[in-house]
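As given, the protein sequences belong to chains A, B, C and D, one line each in that order. Taking my numbering, I'd label the letters of the first sequence as residues 365 to 1011. Taking my numbering, I'd label the letters of the second sequence as residues 0 to 99. Taking my numbering, I'd label the letters of the third sequence as residues 12 to 354. Taking my numbering, I'd label the letters of the fourth sequence as residues 7 to 179.
Check each hint, because a few of them may be wrong.
Within a straight-line C-alpha distance of at most 25 Å, the following computed DMTMM-like cross-link-like pairs (lysine to aspartate or glutamate) qualify [unchecked claim]:
#  : chain 1 : residue 1 : chain 2 : residue 2
1  : C       : Lys351    : D       : Asp137
2  : C       : Lys21     : D       : Glu8
3  : C       : Lys286    : C       : Glu117
4  : A       : Lys823    : A       : Asp963
5  : A       : Lys534    : A       : Asp935
6  : A       : Lys948    : A       : Glu929
7  : A       : Lys542    : A       : Asp445
8  : A       : Lys811    : A       : Asp676
9  : A       : Lys679    : A       : Asp528
10 : B       : Lys84     : C       : Glu287
11 : C       : Lys332    : C       : Asp227
12 : C       : Lys286    : C       : Asp227
13 : A       : Lys744    : A       : Asp731
14 : C       : Lys332    : D       : Glu148
15 : C       : Lys351    : D       : Glu8
For the record, the hints were derived by calculation from the structure and aren't laboratory data.
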Amino acid sequence: MDLYPLILAFPLIGLLINAVLGRRLGVRGSGAVASVAVLLSFVGAIQAFIKVRHLVALGDGEARLVVRLWEWIHVGGFSADLSLLFDPLSVVMILVVTGVGFLIHVYSIGYMSHDRDYARFFVYLNLFMLAMLLLVLGDNYLVLFVGWEGVGLCSYLLIGFWYDRMFTTKMSNAAAGKKAFIVNRVGDFGFLLALFLIFTNFHSLNFDTVFAAAAHHPAATGVMTAIGLLLLLGATGKSAQLPLFVWLPDAMAGPTPVSALIHAATMVTAGVYMVARSHILYALTPDVLTVVAWVGGLTAIFAATIACTQNDIKKVLAYSTVSQLGYMFLGLGCAAFGGGVFHVVTHAFFKALLFLGAGSVIHAMSDEQDIRRMGGLRHKLPLTFATFLIATLAIAGLPGFSGFFSKDEILAAAFSRQPALWGLGVVTAGLTSFYMFRLMFLTFFGKSRVEPERAAKLKESPPVMTVPLLILALLSIVGGLIGLPPVLGRHLLGGFLAPVFEGLHHIEGFGHAEHLSASKEWLLMGISTVAALGGFLLAWTRVHKVGDKEGLFAKSRNGFYRLLEDKYRVDEVYDLLIVRPLSKLARFCWRVVDELVIDLAVNFSGLGVRLGGELMRLFQNGRIQSYAFFMVLGLVMLLIRVLVQQG
Amino acid sequence: MFDYNHALILAFMLFTLGTAGVLLRRSALVVFMSIELMLNAVNLVLVVFSRLRGDLDGQVICFFIMAVAAAEAAVGLAIIIAFFKRKKHVDLDRASLLRS
Amino acid sequence: MTGLLITLGKILAVFTVTMLTVAYLTLLERKVCAYIQLRKGPNRVGPWGLFQPIADGLKFVFKEDFVPAGANRALHAVAPVLAMAPALTTCAVIPFGSTLPMFGGEVNMIIADLSIGVLFVFAIGSLSVYGLITGGWASNNKYALFGALRAGAQMISYEITLGLAIIPIIMATGSLRLSDIVAYQGAHPWFMIVQPLGFLLFVVASFAETNRLPFDIPEAEPELVAGYHTEYSSMKFAGFYMGEYAAMITAAALIVTLFCGGYHLPWLENLNFFKEHATLLGLLHIGTFLAKMGICLFGFIWVRWSLPRFRYDQLMKLGWKVLLPLGLINILIYGLFTLKDSI
Amino acid sequence: METVLFYLFAALTLASGLMVITRRNPVASALYLVLCFFGLAGIYVLMDAYFLAAIQIAVYAGAIMVLFLFVIMLLRLEPTELPSFMNSWSKRLYVAVTLVLGGVFLGLDLMRTVNTGADSALTGEAGAIADRLFNRYLLPFEVTALLLLVAIVGAVVMARRESPKPTASMEEV
């Protein structure tokens, strides 16, 4: 039985069941319903994968299945169907989304077992799966946009899931959710404008039509550039790139599985997916592609530097996510669309693993997130420690682990296209290694700094949480094998995705990807390995060795460190540049425009009406006979007019 | 045969008398009667034109006007009675319930 | 010109006969009353009191004409005329005979054979209430006013029954002309037989319309002194008095015309003898009409001295809740019969 | 003959119409109105509208005006003051404007003539009108009947004696 056409139905059914019956099912029942729903979707995804792979193997270039569900909008010259597009790109995405999603669902059963609102949580999670699948599977920009907004909504709902708690002393969870939503709106605004431009220029929002039209009759350069930049704006919002990344660290207010699922593994990669999907449009405007690369590169190093100084276990991972997303954009910008997607996949594995591991730690630590109060946990949480270590090795890019291959592919592409960004990438790789091992050392090594009452309750998480960790750990190790560099073997993923990026070959400058020579490949791999090891050594010497000494967390640091610790004060800058002027403007609108101008106008018009009423009152005097008089007057006038007219 | 023009002028004068009554008299009853006067003037016009056109429809409409006038009289007089019960007068100048 | 003269002559004749009948009806009433009450009645003026009406008339003329203080003089004076006029006017459309050969032609024994005779009767009949109301109100006397209001209410109420009672007759004859109705009864059974319910209703309503007992609420001596003519005396009172009797005569004439075959006398008028002598036939018709009317008038008087008076609420209840529905049902039944025939 | 009668009736109608609106006493007004109706009925007869004439008398004079008289008597209305043209500014205005405009209208109207050549000698017999009423105008006729019923019910409800204990708010009104 083919489940893939129903892939959207399962999460929908799951969320409906949970919405109605969730509270009666109990946390296990409710979680089981949600998990099974996602599992069925995952099975459908696997089926779709097999079919698509079969089509790819046939090699006639049209490796795609379209499931048309129904005609959605048909207005004038505009039509949009709700139809699902299964091609290699979307299949890879749904495999990751449903696969990782399933593991996280299972994990959530354990993590949320003590929460009173588990049903609502699983409803949101399923809703998220639904929206994400819609986003990835839609065969036109409109469906993609619906999914796009849907995941944004779920993100907002889940960040503010514990709406009654405070995230930091200054910010409530609800406020964090609002921040995410509003920052995303900025990006969505760009996205929408891009959609309008696409429609006005290509008269369709369907991917095929748009790309075919764009490839053969590109619009004016300015328009194409605008479309590319506006789409990029949308992507930076959703994927937390410069300058719209500020919401992601605050999104850590949500439950940790949410951080793993949405804010690390899946939703934030929507931007990457969208850019990869629109590769034709970007290929037609190389300048924009350069911008993409630079945005990615700068974001990567920017976030990596911040991550080096953070003390909240989830914050470190959040900035790490931003940084890794930057990598992906770097890859996209260097025309390594396949590489970007490859990094999406590997990153989904190890970042989900990291977050879930962090969640396991937090769970064990009774909701303590500050690594300054951890240390030496490897004895108490052996499984968590082991998996976390694997993930760290993977993200740090040590050879053999998944992260190594995907990062290497991106860096190779950058090397051939934007050497400067390659340098940035290598430095980032080193920084990544550094902050991850710093996190490792502070959390799992050294002496325990755990508060006694928390230490008493410290114990390994239940199997329902650790089994997903193990599976993800396995994937983190072997995940890279699907994309081996040419010198080592076949690039399975690249071959699979090739039909998607077929169109690129017809565009000047994007012919067959020029492969680096084997020696250069080896050299590059070596350099990144060295960078990773360098980061590890730096962490070893600067953190692990001095870890227990006084002053490690002291405030007396140099200015740059404090700047990093304060996340470059981007939030403050935004506050100063945007939020405060805006609120000043709003205040101006309130005090001056509204109260003085509008209210006055309203009052004046009211006065006018009143004066008019006073005037009319002279006639409406309540006396029947005066009414009758005016009637007769009118009648006589009318008659006179008629008579005069006639003769 | 008499001049139908004169019948029309008679109707007009009757209507004017009725109008004057409606406008000038203070007693609701007399105003009501003046309205009947106006209705009758209209009836006369209808009958004259019915005669001129050789069509009975005018007279049929007259009939309907009379029937409606009867209904109107019943309701109108009931209103006057109800009004009188409250106010002990039927003076339109002092009838100002519409005035707040 | 001859036509006008003939018409004037007929008017004169009818007026004279009616007024004479009125005069002697008063005598008749007193006589019948007396005999019903085992008395002799007036018998001093002339043989069997035959000159009594003349004496009464003279007495009225010489009485003081009193107008109460605060009365509306003009209306007070007009009221008796208003009371009498409708009754006399109604006589104009009643066929009191067929035709008489006169002045070298046939003369219809009817003053004005209107095509809307029945409507005319009702239109004029509805005016008779004005005399009572005006008189009662103009007297500036509360008894008179009450009497007037009651008279008005009663007459309006019973006029509806009166109208409903004869609708089947109109349905049968298909004409509003009274002579047509009489002619119809010459060829068919009298409506009295065909329409017993209608006849009954009409008679009862006629009693009420003429303010005769048992419906003489407007006068009602015990409660209202003398009702609307409490403040009347002399010839003005005589006006009301004569008006009442004239109304009685009109009512009797209508009953005869509408229900009792009018001037027709079955069988006898079909004799060959009368076919040869048209004048005799005409005279026979007139005589028949007068005789029937006399019987009717006697009935009026008989009822007056036999039945007690209704209370006001009983009267209204009877009118609206009994007679009116009965009249409607009568129309319905007759309509169904007609429908059956036509199908 | 007919012309003479017409002017007689016209004069009667106009004179009594004038009386209706100038009498102080409402009873007098009502009686003059009845007279006015008689005049009109006469004119109807002159135009061979017999049925209407009869209905005019029966309905207007016989029913509606009796109702008026009833009400006047029931309410024991005192004779009202005639309009005091001299002391009411607004009424003076009414009269002036109405008369001026009415005069203009009448003047204009007198200049026009209706084509009286086409006198149809149509007679408004009961049968002919009944034919119209029950064939072409059956629905309006039925609706009128319904209207009368509604009017009766409405009148009864409205003029009904109010509940023995009126609420305070009703009293205030």
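Practice prompt. Identify every previously stated hint that the structure contradicts and give their numbers, smallest first.
Written response: Per hint list: 4, 6, 7, 10, 12, 15 violated.
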